[in-house]
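Fit chain W to the given chain E structure using the hints.
2 protein chains.
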Amino acid sequence: MARAGRRPGPSETREEIVAAARKLFAEQGYDGATIRGIAAEARVNAALLHHFFGTKQQLFVAAMNLPVNPLDELPRLLSGPPERTGERIVRMFLGLWAEPRSREPFLAIVRSVSGNEQAATMMRQFLTRVVLSRVAEARGVPPLRAAAVASQLIGLVMLRYVVRVPALADADDEELVALVAPVIQSYLTP
Amino acid sequence: MARAGRRPGPSETREEIVAAARKLFAEQGYDGATIRGIAAEARVNAALLHHFFGTKQQLFVAAMNLPVNPLDELPRLLSGPPERTGERIVRMFLGLWAEPRSREPFLAIVRSVSGNEQAATMMRQFLTRVVLSRVAEARGVPPLRAAAVASQLIGLVMLRYVVRVPALADADDEELVALVAPVIQSYLTP
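Those protein sequence lines, which keep their order, are chains E and W. Each residue of the first sequence is one higher than the one before, counting from 159 in this note's numbering. Each residue of the second sequence is one higher than the one before, counting from 159 in this note's numbering.
Chain E on its own, in the form it takes in the complex (with noise of 0.2 angstroms):
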């Protein structure tokens, strides 16, 4: 006997808009994508999409599937003792990491970066408009070095959590922050 039609709850609405939020950034790039466009293509209003998602950055980063949102994350890294911004980004990063429910769906992302071009494209665009221009602008640096930290995050991940070289896997947090910290506040001293 078939069931009863129902309507979506919100829930179900919202990862509609982002799966079709996802497919379109995939296709399009953020430039191409609109929000019109990812409303037509998840079926709603465009207005009950700036509801839900408010920017198309915020639903930007809806659509990377990310365990944490670097949009409340960066204000709060990029504030404080100017000094130690490297150590509060080194320290927060590899605590994310540290965290097996976070360090999940950020190994999954590596690997999809790694080997398929739309993922590699959605990491450029989420790491150019979302992520590196934040930090260059906040702390008067060329995007250059802004994507140096970034180079430099991702490469010790890479080694600790993928690779998995005994002298970074088998390091402590403190360790690598004593290490890694100083590098990163250089990169972002102009």
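Since the hints were derived computationally from the structure, they do not count as laboratory data. Warning: the hint list may mix true and false statements.
All copies of an identical chain are treated as equivalent in the list; a pair is satisfied when it fits inside any one copy or across any two copies.
Straight-line alpha carbon distances no greater than 25 angstroms define the calculated SDA-like cross-link-like pairs of lysine to any residue that follow [as the list claims (entries may be wrong)]: (1) Lys214 <-> Pro324; (2) Lys181 <-> Arg269; (3) Lys214 <-> Pro228; (4) Lys181 <-> Tyr319; (5) Lys214 <-> Arg322; (6) Lys214 <-> Pro340; (7) Lys214 <-> Gln343; (8) Lys181 <-> Arg322; (9) Lys181 <-> Pro324; (10) Lys214 <-> Ser344; (11) Lys181 <-> Gly273; (12) Lys181 <-> Glu245; (13) Lys181 <-> Ser260; (14) Lys214 <-> Ala296; (15) Lys181 <-> Ala336; (16) Lys214 <-> Val226; (17) Lys181 <-> Ile193; (18) Lys214 <-> Thr171.
Quick look at chain W alone, frame taken from chain E:
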């Protein structure tokens, strides 16, 4: 009509040995795999294997299928003025990645390491046994510092060539040397 059988030439034999080595190193790890076992897998005499490759470590490097042999390159990088070791390392590493002939096999390795546990194990043993131990010993630093060097270099090419963040993808090699060589030098200074 069946072709007459012929004995495999030296380059075919060499390829068969490398294929057997790749299989056993991946299945049994660097310590578990033996010259005797690899010779048996390739159906050749262990003496012939020694004739082609010299040592188990040389054979392991051949099995990694790298576009350059680090056993040849490392001595040159680690000799010369010690205050410019960081610069020599960054310059050589970026030079290899700039060449499509070596970049393509490196990219293939990055992809397989990210997605495949056996490839990650091979890379872990290769870095630990062949590369990092030599760097740490030559510079008199703990393995953690040699691993930090590798992490910065790998993160750099991940963002420059895999994710292709514009700030890094568009930078020229000399800009990157100026930015990253001091960091590598600081990791290699006890």
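Hints, verified against the model:
no.: 1; hint: Lys214 <-> Pro324; result: between (41 angstroms within a copy, 21 angstroms between copies)
no.: 2; hint: Lys181 <-> Arg269; result: both (18 angstroms within a copy, 23 angstroms between copies)
no.: 3; hint: Lys214 <-> Pro228; result: within (15 angstroms within a copy, 47 angstroms between copies)
no.: 4; hint: Lys181 <-> Tyr319; result: between (28 angstroms within a copy, 24 angstroms between copies)
no.: 5; hint: Lys214 <-> Arg322; result: between (37 angstroms within a copy, 22 angstroms between copies)
no.: 6; hint: Lys214 <-> Pro340; result: neither (35 angstroms within a copy, 39 angstroms between copies)
no.: 7; hint: Lys214 <-> Gln343; result: neither (31 angstroms within a copy, 42 angstroms between copies)
no.: 8; hint: Lys181 <-> Arg322; result: between (32 angstroms within a copy, 21 angstroms between copies)
no.: 9; hint: Lys181 <-> Pro324; result: between (38 angstroms within a copy, 23 angstroms between copies)
no.: 10; hint: Lys214 <-> Ser344; result: neither (33 angstroms within a copy, 41 angstroms between copies)
no.: 11; hint: Lys181 <-> Gly273; result: both (17 angstroms within a copy, 22 angstroms between copies)
no.: 12; hint: Lys181 <-> Glu245; result: neither (36 angstroms within a copy, 43 angstroms between copies)
no.: 13; hint: Lys181 <-> Ser260; result: within (23 angstroms within a copy, 33 angstroms between copies)
no.: 14; hint: Lys214 <-> Ala296; result: within (22 angstroms within a copy, 51 angstroms between copies)
no.: 15; hint: Lys181 <-> Ala336; result: neither (41 angstroms within a copy, 39 angstroms between copies)
no.: 16; hint: Lys214 <-> Val226; result: within (17 angstroms within a copy, 45 angstroms between copies)
no.: 17; hint: Lys181 <-> Ile193; result: within (13 angstroms within a copy, 50 angstroms between copies)
no.: 18; hint: Lys214 <-> Thr171; result: within (17 angstroms within a copy, 58 angstroms between copies)
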